[in-house]
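**Student:** Sequence:
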Amino acid sequence: MTMRRIVVVGNGIAGLTACDSLRTAGFDGELTVVGAERHHPYSRPALSKALLHGDDALQAHELPEPSHDATELLGVSATGLDVDRRVVRLEGGGELPYDGLVIASGSRAKRLTPGQGAVPREDGSPRELTLRTIEDAILLKDRVASRPSVVVIGGGPLGMEVASGCLHLGCEATLVSDSKPLSRQLGGHLADIFTAAAIRRGLRVVGSGKARLADHGSGTRVVLSDGTELEADLVVTAVGDEPNIDWLAGANLLTDGSLRVDTRGRVRPEIVAAGDVAFFPTRRGMQRVPLWTSAIDQAKVAAVGLLQGDAAPEFNFQPYFWTEGFGLSLKAVGYTPVQGTPDFCEAGGEAGSLLMRWQNADGSGTAAAVNYRMPIPKLRKLADAGPAALRPAAPARV
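First residue of the sequence shown: 1, per our numbering; consecutive thereafter.
No lab work stands behind these hints, which were simulated from the structure alone. Any given hint could be a false lead.
Using 30 Å as the maximum straight-line C-alpha spacing, the simulated DSS-like pairs for lysine-lysine come out as follows [stated by the list, open to error]:
hint: 1; residue 1: K331; residue 2: K381
hint: 2; residue 1: K141; residue 2: K110
hint: 3; residue 1: K378; residue 2: K331
hint: 4; residue 1: K180; residue 2: K331
hint: 5; residue 1: K110; residue 2: K180
hint: 6; residue 1: K210; residue 2: K180
hint: 7; residue 1: K210; residue 2: K141
hint: 8; residue 1: K331; residue 2: K141
hint: 9; residue 1: K110; residue 2: K331
hint: 10; residue 1: K141; residue 2: K180
hint: 11; residue 1: K110; residue 2: K210
On a predicted model such as this, the values are computed, not experimentally measured, just so you know.
Sequences are here, hints too, so could you generate the full structure?
**Tutor:** As structure tokens, then:
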């Protein structure tokens with residue numbers, strides 16, 4: 001079937017990349033983007049990485065204006081999908097017919113108290129703040145300006161970046177985590193480096209089981225599983241995300257409650273998916289990898305998969321992850337978490353800078369640079385080829 005109408009649901013980086021990739025691949029038909037947010041695409045990583053560390057009024061999140069010449073329906077949510085009629089249903093009762101569909105509807109922040117966390121306390125302040133959208137970022141930046149005491153719940157990258165930013169602004173900050181911060185994402189060795197730096201900078205780290213929230217005077221009280229109570233002026237939760245798949249209910253596209261794609265990003269021949277919303281095949285099985293670069297790589301493959309089918313190249317995924325906080329900058333190429341100490345470790349010219357590599361049990365390699373200046377392509381070579389990639393090439397024989 002010739003595709004003359006393609007609808008892209010989602011206006012984040014996956015949706016934007018899909019639109020650009022469709023045009024690059026030669027699609028010159030009718031392209032429509034449905035975006036629940038009112039904004040053009042922006043950099044979500046910048047909201048936590050640059051948000052609390054600079055005075056840029058959130059300019060770091062801005063991306064270039066889209067050039068894909070699509071019709072954009074912003075501030076409009078998709079509410080349903082009829083795969084037989086090939087129609088996307090919109091809030092307000094409208095419908096969009098399609099020949100091809102890209103599902104890039106992303107994810108939303110989990111809350112510690114689902115259905116209640118967004119409900120204001122008696123004084124009108126929110127019980128818990130999350131950081132996912134520009135609006136979230138503006139509210140958080142405004143709330144920490146007065147240097148309140150802050151409890152951040154969640155020891156993943158987002159929680160650690162928020163806690164670092166709060167310390168940077170002079171807040172008293174406590175991080176609540178049910179495991180060593182960053183250990184689930186990076187492994188114990190790298191997690192130890194970051195946790196030590198965080199504690200040196202004044203972060204209080206508290207272990208916990210399941211935490212809950214309770215109102216307490218003018219602030220919020222965090223109650224841990226052992227009965228310990230923490231009081232704070234402000235609570236920020238960073239306890240994960242949930243894919244936006246509710247609008248797909250009844251479309252018969254989900255497998256065990258998840259949206260899964262093949263190696264070309266296809267759910268079915270005329271439907272592809274990419275980004276935080278999708279599970280895709282990796283060398284470690286079907287995974288959902290809610291990372292910025294993963295969304296970009298997936299969308300590029302899915303767009304071509306939609307147009308070319310089996311003739312399209314398959315996805316060859318190599319994770320790339322970066323985080324910043326507590327005076328440290330980490331870039332990692334390859335699968336994480338890594339196990340044990342690195343097989344290769346080299347100190348850089350600056351104090352505290354490290355270049356490391358792990359050989360994984362599945363035969364792949366993971367390379368990480370902490371405050372170590374190395375271009376990403378060279379870091380990828382280190383992950384793939386090991387320390388030999390750092391040595392100069394032998395001179396050619398004459």
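**Student:** Holds or violated: K180 with K331, Cα cutoff 30 Å?
**Tutor:** holds, 19 Å
**Student:** Compare the distance between the alpha carbons of K110 and K210 with 30 Å, and conclude whether the hinted pair is satisfied.
**Tutor:** Holds, at roughly 14 Å.
**Student:** Is the Cα-Cα distance between K378 and K331 30 Å or less?
**Tutor:** Roughly 12 Å between the alpha carbons, so the hint for K378 and K331 holds.
**Student:** Just to be careful, I want the Cα atoms of K110 and K331 compared with a cutoff of 30 Å; is the pair within it?
**Tutor:** With Cα atoms ~26 Å apart, K110 and K331 stay inside 30 Å; holds.
**Student:** Are the Cα positions of K110 and K180 separated by 30 Å at most?
**Tutor:** Roughly 20 Å separates the two Cα atoms, so the pair holds.
**Student:** Compare the distance between the alpha carbons of K210 and K141 with 30 Å, and conclude whether the hinted pair is satisfied.
**Tutor:** holds, 27 Å
**Student:** Compare the distance between the alpha carbons of K331 and K141 with 30 Å, and conclude whether the hinted pair is satisfied.
**Tutor:** holds, 26 Å
**Student:** Between the alpha carbons of K141 and K110, is the straight-line distance 30 Å or under?
**Tutor:** holds, 20 Å
**Student:** Decide if the proposed pair is consistent with the structure: K331 and K381, CA atoms, cutoff 30 Å inclusive.
**Tutor:** Holds, at roughly 14 Å.
**Student:** Would the hint linking K210 and K180 be met if the CA-CA limit is 30 Å?
**Tutor:** Holds, because 14 Å separates the two Cα atoms, which is no more than 30 Å.
**Student:** Starting from K141, check that the Cα of K180 is at most 30 Å away, please.
**Tutor:** holds, 26 Å
Consistency with the previously given hints is maintained throughout, with no hint failing.
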